[in-house]
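> Chain by chain, the residues:
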Amino acid sequence: MKGKASMFVFIIVLGTILTTLLVAVDSYTKPMIDRNAELKRKTTILQAFEIPYDAETIEQAFADNIRGRGTGGEKYYLSKDDTVAFIFGGSGLWGPITGVLAMNPDMQEIQRIVIMHQEETPGLGSRIAERDFLDRFTTKVFGTGLMLVPEGKSNSNSEIDGITGATMSSEALIGILNEDYVQFNQIVNSE
Amino acid sequence: MTTIMDGIWRDHPIFSMLLGICSALAVSNRVENAIAMGVGVTFVLVGTAILIALLRNFIPQRIRMITYMLTIASFVIIVDKVLKAYFPVISESIGPYVGLIITNCIIMGRCEAFFIQNTLGQSLLDSLANGFGYTYTLVIIAIVREFLGFGTILNIPMMPESWTRWVVMAMAPGAFFVLSIFIWITRTLAGKDA
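These protein sequence lines are chains A and B, in that order. Read in my numbering, the first sequence has 49 at position 49, and its numbers run on one by one without any break. Read in my numbering, the second sequence has 119 at position 119, and its numbers run on one by one without any break.
Mixed in with the good hints, there may be bad ones.
[What the hints assert, rightly or not] Capping the alpha-carbon separation at 27 Å, the derived lysine-lysine pairs in DSS-like fashion look like this:
no. : chain 1 : residue 1 : chain 2 : residue 2
1   : B       : Lys81     : A       : Lys42
2   : A       : Lys75     : A       : Lys30
3   : A       : Lys30     : B       : Lys84
4   : B       : Lys81     : A       : Lys30
5   : B       : Lys81     : A       : Lys40
I should point out that these hints are in silico values taken from the structure, not numbers from a laboratory.
So here's chain B without its partners, still in its complex pose (with noise of 0.2 Å):
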């Protein structure tokens, strides 16, 4: 149960921890790119966590990292081509950043200080709370970025034709703010740098 509750709010990813920002600024401009982005990341986490917490007794020492970019790359390449051939709208809106999911430090982070040396069980819990973080994060920045920049949610208008969009929130810019806004918030609600 800690290892569900650290995932998703104590030891955050992305506020927290401070990873994987820089696919968190670049995805989080739509919702629906957020959601697949999220899902995506999940998925490599989650494959990762199982092929790395199965094999940690094998695994000898001094290639680790290998083995963990050798795993992550191959999930990565899995969900870019499930991607492109069910979501090619989506795939095209994030397609960069599908491949850049190798080096978010979050995946990375948890297989050395995590699955490398926890139950298969553990691993599993504690990648699907990681990637639960990492993806509501994303849902919540992207909600208001698409609400503020482009008047809509999901592409479903909210706001009246007449009503000014803000482009900042559309660019990077606008990114930087709402995630800095949102890391202060969390982090105060949840009392570090107390």
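The shape of chain A in the complex, shown without the other chains (with noise of 0.2 Å):
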């Protein structure tokens, strides 16, 4: 009994020990990480925007040429021209999937999309994130929901190809496109 006690006993310090070091760390680093995200958010809006800038003059780029309308989940962001650029986020294979789309201003036709955050597999449904593939969406309308079809064979404006070996993470992009534009078609066209 004396054995198993004391081997509890020290698991126990052990783990607040160990427990209480990580949450100083946390502390000390979450204003950091915090700032990186908001960064991380205003470089991927000024892509979708293709508004160019540098490392240093990202708060300015922005300021400069982007308005926000809305708040917290309601969220969009106008640019000069008045093209539309929304965060969409939803769950993709492997892990949270979010990016920015931005539209133009009548919201019929996508402009360019970006990826902000995917854990897909390696290789293969991270591929959702190359310029090779978002950039089949330009030009293309949302209609009844944007369709996945195999590689080459699209016909129609609401169809993309899709990439052999990513099925499952496309779906889920596509999925999440097609949600969050209906909510945010009806947020901006509310205004």
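Dock chain to chain to rebuild the complex, using the hints, since each chain is given by itself in its own frame.
Shown next as structure tokens:
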């Protein structure tokens, strides 16, 4: 019994010390990590609008060129020529997928998509973040919903060529885009 | 002194004991990733060495593994947070693999084979040596892979624009090729499998 008690006590003491250490490190690094996340958000939005920027001028470029509307989950962004962009997000195959979708002012045609974060399979699902794939969305319209077709077979302006080997990740992305588009279409048009 | 030379050459974690291969393959595509991963693993090794060697007479026998895991996991979380706070770009490149340092056999292996039964000083030397051995391996492989796969080293272009990249070097198969050649050369030089 004594042996078991000492094991228990040891683990509890060790666990407490390590947890305290981690809490300290976390609170010390949290402001910097949050700031990095904010910068990442801004640079992704700048990329979606195709506004050039340098590492030092991110805040400046953002403030000069972009207006925000709405708050919290309903926030969307307008560039100088009224292009609309919003942040989309949802579940991918392995983890969350988030990104920015830029559309022309009447919320019909897609201009550009940039992926902000994804945790899909490296080399396969993660190819949804590649420029070659995302450029296939430019000038497409949502209509009743975007659809993925096998590579090379798209023939309507709501169909997107998929990537072989990345079916689940790309289907997840399309689902997220369709869902968030409906939500933001409503929000933008009700202004 | 032998402790140091063991970690760096005689009992090198990767080519002698064949530990830590998974991350060596995944993270060696660019030199900056290799350096960051090497430093991360070394930090976790050193931190774990200090804690385990200090506590070695107090850790009850039956919960050794749990103790190693708690310690390693804590240090890995610290590395992950520090990377996210100070080096966000590198954190994005090697993000998933930082969490996997916990599973890196080198660290568990050294805990059980060395830190639990050697003094603090010796454990510190061993952890630094193994960390260094791991890091220089990753960096050498990354220099080859980044040079051939991207034409750059540490993002500084080394080859003219017209040169065709060996894309396979940037992907997993390239990693296997370079790593196995590395193991072949080093084991021959070290006189193993004679």
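> For each hint given before, does the structure comply? Return the numbers of the non-compliant ones in rising order.
Going through the list in order, the structure violates no hint and respects every one.
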